[in-house]
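Undergrad: So the protein lines, in turn, are chains D and A.
Sequential numbering from 1 applies to the first sequence in the working numbering.
Sequential numbering from 1 applies to the second sequence in the working numbering.
Since the hints were derived computationally from the structure, they do not count as laboratory data.
Take these hints with a grain of salt, some might be off.
[Unchecked claim] So the derived label-pair ranges between C-beta atoms look like this:
| id | chain 1 | residue 1 | chain 2 | residue 2 | range |
| --- | --- | --- | --- | --- | --- |
| 1 | D | Gly409 | A | Thr198 | 38 to 44 Å |
| 2 | D | Lys124 | A | Arg154 | 54 to 60 Å |
| 3 | D | Pro328 | A | Lys32 | 26 to 32 Å |
| 4 | D | Arg3 | A | Phe171 | 32 to 38 Å |
| 5 | D | Cys601 | A | Glu69 | 51 to 57 Å |
| 6 | D | Pro593 | A | Val269 | 46 to 52 Å |
| 7 | A | Lys281 | D | Lys124 | 56 to 62 Å |
[Stated by the list, open to error] Simulated pairs of lysine to any residue, SDA-like, Cα-Cα distance not exceeding 20 Å:
| id | chain 1 | residue 1 | chain 2 | residue 2 |
| --- | --- | --- | --- | --- |
| 8 | A | Lys152 | D | Asp294 |
| 9 | D | Lys299 | A | Lys51 |
| 10 | D | Lys7 | D | Gly283 |
| 11 | A | Lys140 | A | Pro91 |
| 12 | A | Lys51 | D | Thr395 |
| 13 | A | Lys284 | D | Asn584 |
| 14 | D | Lys559 | A | Glu241 |
| 15 | D | Lys603 | D | Met575 |
| 16 | D | Lys167 | D | Gly288 |
| 17 | D | Lys603 | A | Tyr153 |
| 18 | D | Lys18 | D | Glu154 |
| 19 | D | Lys559 | A | Ile236 |
| 20 | D | Lys152 | D | Pro320 |
| 21 | A | Lys51 | A | Gln192 |
| 22 | D | Lys138 | D | Pro320 |
| 23 | A | Lys201 | D | Asp542 |
| 24 | D | Lys253 | A | Tyr153 |
| 25 | A | Lys281 | D | Asn584 |
| 26 | A | Lys51 | D | Gly478 |
Every residue, glycine too, gets a C-beta built ideally from N, C-alpha and C.
Next come the chains, spelled out residue by residue.
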Amino acid sequence: MKRNKLKNIDELRKLRKKLKEIYKPVKQWITVCSGTGCHAYGCEKVTEAFEKEIKAQNLQDKIGLRTTGCHGFCERGPIVVIQPEGIFYQRIQPKDAKEIILQTIINKKIIDRFLYIDPISGEKIISEGEVPFYKKQKRIIFGMNGLIDPTKIEDYIAIGGYEALGKVLSSMSQKQVINEIKKSGLRGRGGAGFLTGKKWEICSAAKNNPKYIICNCDEGDPGAYMDRSLLEGNPHLVIEGMIIGAYAIGASKGYIYVRAEYPLAVSNASIALEQAREYGLLGKNILGFDFDFDIEIAKGAGAFVSGEETALIAAIEGRPPEPRLRPPYPAESGLWDKPTNINNVETWANVPWIINKGSVWYSKIGTNGSKGTKIFSLVGKINNTGLVEVPMGITLREIIYEIGGGIIGGKEFKAVQTGGPSGGCIPKELLDLPIDFESLTKAGSMMGSGGMIVMDENTCMVDVARYFLDFLRKESCGKCTSCREGLQAMYEILVNICEGQGKPEDIELLKEIAEAVKVASLCGLGVTAPNPVLSTLHYFKDEYETHIYSKKCPAGVCKELIIYKINEEKCTGCMVCQRSCSVNAISGEKQQPHKIDQEKCIKCGSCFEVCRFDAVIIE
Amino acid sequence: MNEKKIIGSVLIVGGGIGGIQSALDLAEAGFKVYLLDSAPAIGGTMAALDKTFPTNDCAMCIMAPKLVECARHLNIEIITWADIESVQGGPGNFKVTLKQHPRYVDLDKCTGCGLCTVNCPVRNIPHFEQKTIPEPKLEKEDLEKITNILNKYRKDESSLVPILQEINEEFRYLPENILNYISIKLGISLSQIYNMATFYKAFSLKPRGKHLITVCLGTACHVRGAPRILEELKRILNIKEGETTEDKLFTLETVNCLGACALGPIVVVDNNYHGQMTIRKASKLIDRLKETER
Numbered sequence: 001m002k003r004n005k006l007k008n009i010d011e012l013r014k015l016r017k018k019l020k021e022i023y024k025p026v027k028q029w030i031t032v033c034s035g036t037g038c039h040a041y042g043c044e045k046v047t048e049a050f051e052k053e054i055k056a057q058n059l060q061d062k063i064g065l066r067t068t069g070c071h072g073f074c075e076r077g078p079i080v081v082i083q084p085e086g087i088f089y090q091r092i093q094p095k096d097a098k099e100i101i102l103q104t105i106i107n108k109k110i111i112d113r114f115l116y117i118d119p120i121s122g123e124k125i126i127s128e129g130e131v132p133f134y135k136k137q138k139r140i141i142f143g144m145n146g147l148i149d150p151t152k153i154e155d156y157i158a159i160g161g162y163e164a165l166g167k168v169l170s171s172m173s174q175k176q177v178i179n180e181i182k183k184s185g186l187r188g189r190g191g192a193g194f195l196t197g198k199k200w201e202i203c204s205a206a207k208n209n210p211k212y213i214i215c216n217c218d219e220g221d222p223g224a225y226m227d228r229s230l231l232e233g234n235p236h237l238v239i240e241g242m243i244i245g246a247y248a249i250g251a252s253k254g255y256i257y258v259r260a261e262y263p264l265a266v267s268n269a270s271i272a273l274e275q276a277r278e279y280g281l282l283g284k285n286i287l288g289f290d291f292d293f294d295i296e297i298a299k300g301a302g303a304f305v306s307g308e309e310t311a312l313i314a315a316i317e318g319r320p321p322e323p324r325l326r327p328p329y330p331a332e333s334g335l336w337d338k339p340t341n342i343n344n345v346e347t348w349a350n351v352p353w354i355i356n357k358g359s360v361w362y363s364k365i366g367t368n369g370s371k372g373t374k375i376f377s378l379v380g381k382i383n384n385t386g387l388v389e390v391p392m393g394i395t396l397r398e399i400i401y402e403i404g405g406g407i408i409g410g411k412e413f414k415a416v417q418t419g420g421p422s423g424g425c426i427p428k429e430l431l432d433l434p435i436d437f438e439s440l441t442k443a444g445s446m447m448g449s450g451g452m453i454v455m456d457e458n459t460c461m462v463d464v465a466r467y468f469l470d471f472l473r474k475e476s477c478g479k480c481t482s483c484r485e486g487l488q489a490m491y492e493i494l495v496n497i498c499e500g501q502g503k504p505e506d507i508e509l510l511k512e513i514a515e516a517v518k519v520a521s522l523c524g525l526g527v528t529a530p531n532p533v534l535s536t537l538h539y540f541k542d543e544y545e546t547h548i549y550s551k552k553c554p555a556g557v558c559k560e561l562i563i564y565k566i567n568e569e570k571c572t573g574c575m576v577c578q579r580s581c582s583v584n585a586i587s588g589e590k591q592q593p594h595k596i597d598q599e600k601c602i603k604c605g606s607c608f609e610v611c612r613f614d615a616v617i618i619e
Numbered sequence: 001m002n003e004k005k006i007i008g009s010v011l012i013v014g015g016g017i018g019g020i021q022s023a024l025d026l027a028e029a030g031f032k033v034y035l036l037d038s039a040p041a042i043g044g045t046m047a048a049l050d051k052t053f054p055t056n057d058c059a060m061c062i063m064a065p066k067l068v069e070c071a072r073h074l075n076i077e078i079i080t081w082a083d084i085e086s087v088q089g090g091p092g093n094f095k096v097t098l099k100q101h102p103r104y105v106d107l108d109k110c111t112g113c114g115l116c117t118v119n120c121p122v123r124n125i126p127h128f129e130q131k132t133i134p135e136p137k138l139e140k141e142d143l144e145k146i147t148n149i150l151n152k153y154r155k156d157e158s159s160l161v162p163i164l165q166e167i168n169e170e171f172r173y174l175p176e177n178i179l180n181y182i183s184i185k186l187g188i189s190l191s192q193i194y195n196m197a198t199f200y201k202a203f204s205l206k207p208r209g210k211h212l213i214t215v216c217l218g219t220a221c222h223v224r225g226a227p228r229i230l231e232e233l234k235r236i237l238n239i240k241e242g243e244t245t246e247d248k249l250f251t252l253e254t255v256n257c258l259g260a261c262a263l264g265p266i267v268v269v270d271n272n273y274h275g276q277m278t279i280r281k282a283s284k285l286i287d288r289l290k291e292t293e294r
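Make a model of the complete structure from these sequences and hints.
TA: Right under this line is the structure:
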């Protein structure tokens, strides 16, 4: 389809009408999720198989095939959903395509074995909306992901895309837009939770010109990937939000800063920008109005600290991404010393919704201080790993047990880590905590970008603290001595504790250094870096003490403090562990209990992994 | 010449940071120290630097206390603006003749107010001569590749990272001669290029092996046992993370998070994702790769 510049809003609406007509004869859509998770499972081959099969059956006119963005339920990929019925098939292989077309599409029969089985009730679930993982969610921002092909702007326009932009340009003044965002109560989704409308207002009031806006997709927090899924799965929603923001602020140029680890996000966003330009939604005189704006993509190269706003600005300018002192805030002096407004991907994606549905509608969702929905990435030792969008104020218990389906293997929940490496761990006593910006901060953690890493009884909290400090000390840019040296010192203490060399005074020392790092560092990374240590010390002091005094790791993680043993009563002598041992440390005859030679054992854990009788134990 | 009398004083030639530190240490140990420099003041090169390797600390912040200490130490006598004429004698008993250049300023009376420097009509004498690196000779093929990359971008600082990324992708690492070449072409100093190349994790300054094995160490992968997988890979390949095997077949790297947490722990081999890794699966994966190489 040839794309011509849209000269005014009527042309946009006419195009939408035309697109709806084009899509109408297609009675059924097979949508294949092609987010990164499903990609890794091999969804590309599944799509190819469907394509071939549709051709073979000569169904091109009746059946549509769509590769969509991430559906969020990455655990069960590759995911195939048949619309409009919403039939939800999971773990689909290329060879299944033929059967699905013949049975479900032609004969209207549901194929049982592809259905999702609710692990709690044991029931088979047909429709996507009925799957418990989705049922409890409120998918506003994320909902469109499963309906559109991110590489086709027409899909987005057909379901009402760019209508908010039209509304803003034709009937709202810059001030009105800012006021609407302010009234909605939208807060930045990047972590700090600053009021977005307020931020825009400051930037728009700045006298200097030109102004810039930046979309921050440098999602460095390990275990968080909602920004990537949004930019990959629905780039136009983000772009539309940015154009509206640019109009409100008076910016003429925008940047999307994407991490290097997200190649698919870069390519989908580039395609989206190109298509938006072809329709004249970016560039000179957008939709025929006296408003010019364009967006460029800047790629990161793997540095955690570059997600901090002043560091990100330095990175785009081509300087090493080191944070600088604020004030002046970027809103006054940012990119090339010009007023700059930086928002997170998710924040931008909220904007078109607020404009379309109004601030009153938006502010009804969520809690008093935190409005709207938030996307969390629920990962770790949880049954349903994936991205969940929930209204603010939902409790941790609802997320973990109702949406997440509980802990893998029915083990006991220990803690959930939120807010990325510089967030904190929340213990099971606080499972009923309603989640919003304030409550998480009060609990010693933070919202961050929305990573939620679930930990069970087999996770060692000292090891987790050590892991995060290792991450942070490597990612510290080294500008502030307190952060560079303090994190290193804390890391070394934690390594000692994990290796059984901990001393009783270590706990106090850790606290002391943590406070110093907190007070004396310049940017958010340093100020929040001690959080993982402080929160684990606060809630799990007993684990530290067991490591230090009894030289034992209760969770069985710290290598120096554990030994692998074989429980002779349970061992059936099946020889599997013996074969898997790479250092020949396991001896024993067939059908006789085996033994592990502690001298030879390198504690790699492979015997523990392969034993089907739970006969290998960690002490 | 053969006198055996040992005299407990020391002359340090050169008042740079090395000389200053030696002077302080010796003075503390009880020796009388003469600190000699041919420049009008001690301090040497470090005093002219902004930051120091490897910690990027401010150079003056390290030096300033030592300078003051040198001036105040009773055992240290600073002799500046002087050259050595001759050295006689042997260990323990040297005799050095110095030539003191005229300062035209009475040091006892000078308060260091700075007015004379402001009023001096002679200005802008460069202290350092910058060395220029000759343009490296590149292979024709490389030259073509690099010219293609450079032509795509504006020739300024903001293009540096994208250019490095393309080079890193094309050559699978950042070769030294190519960095020299782009430094000249872009007019960006080599130190700045290295600053960027070492700051970001995605860049490698060493050639990578044929197969790139990346272990995700994101939090989700960590709690699901990624460190044990990494340990096993390190053991099998007999290299550490960031290293390449001797036969140049495998390079082992780690990444902070790939954002595919449902598959954790993840190992990526040449852009193919292998999810739900176990120690067994990891070793089999390497066996298979080795098999195909045979």
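Undergrad: Give a verdict on every hint.
TA: Hint check results:
Roughly 43 Å separates the CB atoms of Gly409 (chain D) and Thr198 (chain A), a value that falls within the hinted 38 to 44 Å. The beta-carbon spacing between Lys124 (chain D) and Arg154 (chain A), approximately 58 Å, falls within the hinted interval of 54 to 60 Å. A C-beta distance of roughly 53 Å is found between Pro328 (chain D) and Lys32 (chain A), which places it outside the suggested range of 26 to 32 Å. In this structure, Arg3 (chain D) and Phe171 (chain A) meet the distance hint of 32 to 38 Å, their C-beta atoms being roughly 37 Å apart.
Checked against the given bound of 51 to 57 Å, the beta carbons of Cys601 (chain D) and Glu69 (chain A), roughly 55 Å apart, stay inside it. Judged by the Cβ atoms, the range 46 to 52 Å given for Pro593 (chain D) and Val269 (chain A) is violated: they are separated by roughly 38 Å. At about 30 Å, the CB distance of Lys281 (chain A) to Lys124 (chain D) disagrees with the hint of 56 to 62 Å. Among the hinted pairs, Lys152 (chain A) with Asp294 (chain D) is consistent with the structure: their alpha-carbon atoms are about 19 Å apart, no more than 20 Å.
Annotation: proposed proximity of Lys299 (chain D) to Lys51 (chain A) is violated, straight-line Cα distance about 27 Å (limit 20 Å). Pair hint Lys7 (chain D) plus Gly283 (chain D) holds up; C-alpha atoms about 12 Å apart against a cutoff of 20 Å. Only pairs whose Cα atoms come within 20 Å are accepted, and Lys140 (chain A) paired with Pro91 (chain A) is rejected, the gap being roughly 58 Å. As the CA atoms of Lys51 (chain A) and Thr395 (chain D) are separated by approximately 49 Å, the hinted pair breaks the 20 Å bound.
With a C-alpha separation of about 17 Å, the suggested pairing of Lys284 (chain A) with Asn584 (chain D) holds against the 20 Å cut-off. Between the alpha carbons of Lys559 (chain D) and Glu241 (chain A) the distance comes to roughly 19 Å, so the proposed pair stays at or under 20 Å and holds. Of the pairs offered as hints, the one joining Lys603 (chain D) and Met575 (chain D) holds, with about 18 Å between alpha carbons and a cut-off of 20 Å not exceeded. Of the supplied pair hints, the one linking Lys167 (chain D) and Gly288 (chain D) holds, its CA atoms being roughly 13 Å apart against a limit of 20 Å.
For the suggested pair Lys603 (chain D) and Tyr153 (chain A), the alpha carbons sit about 51 Å apart, so the restraint of at most 20 Å is broken. Between Lys18 (chain D) and Glu154 (chain D) the CA atoms are separated by roughly 10 Å; this keeps the pair inside 20 Å, and the hint holds. Straight-line distance between C-alpha atoms of Lys559 (chain D) and Ile236 (chain A) comes to about 18 Å, which keeps the hinted pair within the 20 Å bound. The hinted pair formed by Lys152 (chain D) and Pro320 (chain D) fails the criterion: a straight-line CA distance of about 36 Å is larger than 20 Å.
Taken as a hint, the Lys51 (chain A) and Gln192 (chain A) pair is honoured in the structure, with Cα atoms around 12 Å apart against an allowance of 20 Å. With a C-alpha separation of about 40 Å, the suggested pair Lys138 (chain D) and Pro320 (chain D) falls outside the 20 Å cut-off, and the hint is violated. Distance hint between Lys201 (chain A) and Asp542 (chain D) is unfulfilled; the C-alpha atoms sit about 36 Å from each other, more than 20 Å. The suggested pairing of Lys253 (chain D) with Tyr153 (chain A) holds, with an alpha-carbon distance near 18 Å, which does not exceed 20 Å.
Note on Lys281 (chain A) and Asn584 (chain D): the hinted pairing holds, with a Cα-Cα distance of about 18 Å set against a maximum of 20 Å. Proximity of Lys51 (chain A) to Gly478 (chain D) is assessed by CA-CA distance (about 12 Å); at most 20 Å being required, the pair is judged to hold.
Violated hints for the displayed structure, listed by number in ascending order: 3, 6, 7, 9, 11, 12, 17, 20, 22 and 23.
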